[in-house]
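2 protein chains.
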Amino acid sequence: MVGSLGPNSRKHKVTVVGSGNWGTAIAKIVAENAANSNGIFEEKVEMWVYEEKIEIPETSPHYDASSPLCQGEQNLTDVINKLNENIKYLPGVRLPTNLHANPSLEDAVKDSTILVFNLPHQFILRICDQLKGKILPYARGISCIKGVDVNENGIHLFSETIGKRLGIYCGALSGANIANEVAQEKWSETSIAYDPPHLDSKCPTPHRSPNSSTVDIVEFEHKDTSGQISDVKLQPVPNEYPPVDHALLKRLFHRPYFHASVVNDVAGVSLGGALKNIVALAAGWVDGMGWGDNAKAAVMRVGLLEMVKFGEKFFGATIENRTFTEESAGVADLITSCSGGRNFRCARLSIERNLPVEEIEKTELNGQKLQGTLTAIEVNRFLSKQGLENEFPLFTAVYQILQGKMSVADIPHHLEC
Amino acid sequence: MVGSLGPNSRKHKVTVVGSGNWGTAIAKIVAENAANSNGIFEEKVEMWVYEEKIEIPETSPHYDASSPLCQGEQNLTDVINKLNENIKYLPGVRLPTNLHANPSLEDAVKDSTILVFNLPHQFILRICDQLKGKILPYARGISCIKGVDVNENGIHLFSETIGKRLGIYCGALSGANIANEVAQEKWSETSIAYDPPHLDSKCPTPHRSPNSSTVDIVEFEHKDTSGQISDVKLQPVPNEYPPVDHALLKRLFHRPYFHASVVNDVAGVSLGGALKNIVALAAGWVDGMGWGDNAKAAVMRVGLLEMVKFGEKFFGATIENRTFTEESAGVADLITSCSGGRNFRCARLSIERNLPVEEIEKTELNGQKLQGTLTAIEVNRFLSKQGLENEFPLFTAVYQILQGKMSVADIPHHLEC
Chain P
1 MVGSLGPNSR KHKVTVVGSG NWGTAIAKIV AENAANSNGI FEEKVEMWVY
51 EEKIEIPETS PHYDASSPLC QGEQNLTDVI NKLNENIKYL PGVRLPTNLH
101 ANPSLEDAVK DSTILVFNLP HQFILRICDQ LKGKILPYAR GISCIKGVDV
151 NENGIHLFSE TIGKRLGIYC GALSGANIAN EVAQEKWSET SIAYDPPHLD
201 SKCPTPHRSP NSSTVDIVEF EHKDTSGQIS DVKLQPVPNE YPPVDHALLK
251 RLFHRPYFHA SVVNDVAGVS LGGALKNIVA LAAGWVDGMG WGDNAKAAVM
301 RVGLLEMVKF GEKFFGATIE NRTFTEESAG VADLITSCSG GRNFRCARLS
351 IERNLPVEEI EKTELNGQKL QGTLTAIEVN RFLSKQGLEN EFPLFTAVYQ
401 ILQGKMSVAD IPHHLEC
Chain Z
1 MVGSLGPNSR KHKVTVVGSG NWGTAIAKIV AENAANSNGI FEEKVEMWVY
51 EEKIEIPETS PHYDASSPLC QGEQNLTDVI NKLNENIKYL PGVRLPTNLH
101 ANPSLEDAVK DSTILVFNLP HQFILRICDQ LKGKILPYAR GISCIKGVDV
151 NENGIHLFSE TIGKRLGIYC GALSGANIAN EVAQEKWSET SIAYDPPHLD
201 SKCPTPHRSP NSSTVDIVEF EHKDTSGQIS DVKLQPVPNE YPPVDHALLK
251 RLFHRPYFHA SVVNDVAGVS LGGALKNIVA LAAGWVDGMG WGDNAKAAVM
301 RVGLLEMVKF GEKFFGATIE NRTFTEESAG VADLITSCSG GRNFRCARLS
351 IERNLPVEEI EKTELNGQKL QGTLTAIEVN RFLSKQGLEN EFPLFTAVYQ
401 ILQGKMSVAD IPHHLEC
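In order, the protein sequences belong to chains P and Z.
68 is the number that the numbering used here gives to position 68 of the first sequence; each next residue is one higher, with no gaps.
222 is the number that the numbering used here gives to position 222 of the second sequence; each next residue is one higher, with no gaps.
A couple of the hints might just be wrong.
Since the list gives no way to pick one copy over another, a pair counts as held whenever it fits inside one copy or between any two copies.
[To be verified] Below, simulated DSBU-like cross-link-like pairs (lysine-lysine); rule was C-alpha separation at most 30 Å, straight line: (1) K385 <-> K53; (2) K362 <-> K134; (3) K186 <-> K309; (4) K405 <-> K186; (5) K250 <-> K164; (6) K250 <-> K186; (7) K250 <-> K309; (8) K88 <-> K385; (9) K164 <-> K233; (10) K44 <-> K313; (11) K134 <-> K53; (12) K405 <-> K362.
Honestly, the hints are just simulated from the structure, not real lab data.
Working from the sequences, and respecting the hints, build out all of it.
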């Protein structure tokens with residue numbers, strides 16, 4: 001092959017959109033792998049940072065009265081780039097020098113072929129609107145945003161929302177991953193789901209002429225559970241780039257301390273991260289009752305089965321049971337969340353203090369909201385509209401308890417069959 | 001139907017063989033259900049007790065200086081029957097009055113159609129030899145004995161060993177069941193596996209004439225992984241009795257506080273209770289290292305997958321993956337064992353105190369042995385004889401660590417793929 005248009009003559013540029021503690025932890029991983037990629041990825045990885053002003057406090061290990069960085073307010077991006085540390089959202093963790101904090105969204109994503117989305121879900125639509133027209137039309141996305149968007153009318157995966165808004169394909173990453181533990185390189189696992197239409201396969205498709213950089217346009221369908229179908233014109237990744245496939249995503253995300261498994265089941269990986277929070281509330285209540293480890297394991301097992309059933313019922317065509325029962329994004333994330341996650345802890349405290357969960361939420365979470373209570377209510381609205389509450393007795397029990405219509409002591413009877 | 005030989009004109013007599021804390025807890029459950037069975041079971045349930053002498057101490061709530069029961073040594077069975085409490089092995093738990101402690105094995109099993117085996121596994125062979133010729137030839141068994149018998153040459157289920165020795169069919173019961181919690185009626189779940197050859201089905205088989213009490217003899221095959229096939233002549237349960245099927249076993253074992261699920265997969269239910277102890281050691285080590293909840297969930301997930309793989313490889317014809325990933329005897333028992341079970345606790349202590357597990361075992365367990373270390377060694381012998389150690393990296397890592405040939409810090413690298 002000759003010239004810059006030959007296969008694999010170009011490297012993937014990777015941008016992480018978001019820089020909270022989880023965003024920064026993932027950017028660290030991606031930059032570490034890009035630095036040792038043997039020409040697959042550009043070494044420099046961009047991380048878009050919502051710019052804010054910060055001051056380095058005198059108590060910080062980075063404080064140096066003589067440094068210009070310590071003279072009053074500074075841009076967060078400047079501080080990150082100079083110190084190689086996100087002292088605001090991931091303090092104490094050294095970042096690779098090839099990770100560049102960029103305050104300009106447009107500049108950060110320019111020419112990027114791989115976009116990693118890792119920001120609070122309430123910002124997705126706004127950010128996508130800002131990204132429209134600014135990204136490569138053949139870029140690929142990975143959403144690290146936990147959970148799904150559920151309402152009466154349907155369940156929407158954040159990865160799908162991003163994909164539709166931007167006209168690109170977007171997969172998902174989820175697992176038993178507490179951001180600070182991952183950042184400290186404590187061993188964990190994750191699941192990456194990626195299953196685009198067969199445009200990017202190594203075998204050339206009829207739509208693609210292998211030696212041309214011309215981008216063919218192929219239509220594929222996004223079908224969500226609301227029955228809504230939107231046609232997105234998906235463009236194949238030009239073949240000058242290494243193919244964006246499972247092996248490439250493993251190279252981008254797998255680390256010795258962060259074991260990544262790459263699967264096809266985007267819906268399963270995304271749903272696991274949402275539904276487990278409902279189960280964690282139930283596990284916290286049962287634990288608070290002092291019923292012991294048997295009972296806690298029982299409620300987790302029943303919850304896992306309802307997750308499987310929910311997936312089968314509403315994403316039957318695409319979901320695989322084994323995602324819930326065998327993947328990090330399923331059973332392992334459930335176990336972690338029922339060990340010490342905030343939904344579990346607040347539910348347990350609510351029994352110990354004999355207060356409703358929302359009271360605990362107010363006193364314990366500094367104004368933040370529990371994901372589990374929101375998801376339990378949303379999922380219940382969706383199920384009850386379809387008359388399916390009885391088929392999910394644990395999810396329904398959690399909702400009823402949150403509404404004060406059932407007591408925790410009734411859980412075993414409610415689950416009896 | 002007319003006369004005493006008509007369908008369902010006879011009731012099942014149930015005997016529990018064994019009276020430790022788990023044996024007594026199960027006997028309590030069975031007797032509670034027999035007392036309310038609407039004619040399916042004899043009300044009186046027998047529990048065979050290895051007779052011993054005990055003295056009621058003055059500190060006991062049952063002590064009454066004027067009672068003949070408190071004048072020196074008494075038979076344990078007399079004490080159980082008079083106080084309705086097994087003060088030696090399950091103190092503080094009231095037993096149903098229709099449960100009869102019986103010191104005579106022969107008398108306890110006489111005319112019993114359902115035998116529930118619940119005693120330490122090292123006594124099985126001896127007890128079976130004593131039972132030979134003393135039980136009904138068409139009795140059915142349920143083994144509550146945890147684990148399996150593994151050696152270099154094969155894996156033998158205790159239920160199979162009992163069945164072969166006695167010439168009867170024997171199923172298995174296992175789950176996330178800590179005996180004392182079950183006895184205190186704290187909610188838990190269990191799995192019962194029962195899958196006899198089609199002799200007992202409601203549809204008459206060619207071997208069985210529906211209106212006769214004649215017992216036809218049919219041969220069925222027990223095939224274990226050693227390749228050894230033994231022919232057992234299995235006799236159908238006469239049709240004067242209600243059929244011994246999944247529904248009947250649910251009536252016998254299910255309680256509002258003890259939810260029983262009845263499945264076919266005897267090998268899966270039995271293997272789960274053995275292999276989870278290997279995983280619990282790894283979880284304890286990882287927890288002891290302070291690697292956090294992500295890492296503990298990861299090692300449990302990998303362990304669960306190796307349990308599935310082990311089942312598929314060696315019991316492929318009969319085992320169902322979902323037993324491990326969805327049943328109480330699988331994932332829930334694994335979760336319980338990795339929360340506070342003794343294998344988990346001793347492994348964690350071994351890291352915290354920087355001592356080998358066998359040292360912790362000596363100081364913490366009053367001379368008892370950890371099941372996990374025995375099983376890890378037995379399973380390793382079996383795997384290594386077949387050259388399959390590399391296919392089970394976690395099981396192999398646990399063995400290597402126990403042998404001092406690998407360090408816990410190497411677990412993540414060892415599991416990397």
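Since the copies are identical, ignore which copy is meant and state whether K250 and K164 lie within 30 Å (CA to CA) inside a copy, between copies, both or neither.
Result: close within a single copy only, 24 Å intra versus 50 Å inter.
Please work out whether the CA atoms of K164 and K233 approach to 30 Å or closer within one copy, between two copies, in both situations, or in neither?
within (9 Å within a copy, 65 Å between copies)
Using 30 Å as the alpha-carbon threshold, which applies to K134 and K53: within, between, both, or neither?
Within one copy only: 26 Å inside, 86 Å across.
Have a look at K405 and K362 and pick one of within, between, both or neither, based on CA distance no larger than 30 Å.
within (21 Å within a copy, 51 Å between copies)
Is it within a copy, between copies, both, or neither that the alpha carbon of K186 lies no farther than 30 Å from that of K309?
between (33 Å within a copy, 27 Å between copies)
Intra- versus inter-copy proximity for K134 and K362 (alpha-carbon distance at most 30 Å):
The answer is neither: 40 Å in one copy and 67 Å across copies each exceed 30 Å.
Please sort K250 with K186 into within, between, both or neither, judging by C-alpha distance up to 30 Å.
within (19 Å within a copy, 45 Å between copies)
Is the C-alpha distance from K88 to K385 at most 30 Å within one copy, between copies, in both cases, or in neither?
For K88 and K385, neither the intra-copy (43 Å) nor the inter-copy (55 Å) Cα distance is at most 30 Å.
Classify it for me, K385 with K53: is the Cα-Cα distance of at most 30 Å met within a copy, between copies, both or neither?
Neither: 46 Å inside a chain and 64 Å across chains, both beyond 30 Å.
Evaluate K405 and K186 at a C-alpha cut-off of 30 Å and name the case that applies: within, between, both or neither.
between (42 Å within a copy, 23 Å between copies)
With identical chains, the pair K44 and K313 could be close in the same copy or across copies; at 30 Å between alpha carbons, which is it: within, between, both, or neither?
neither (43 Å within a copy, 46 Å between copies)
Can you give me the call for K250 and K309, within, between, both or neither, at a CA distance of at most 30 Å?
both (29 Å within a copy, 23 Å between copies)
Checked against the numbered hints given earlier, the structure breaks hints 1, 2, 8, 10 and satisfies all the rest.
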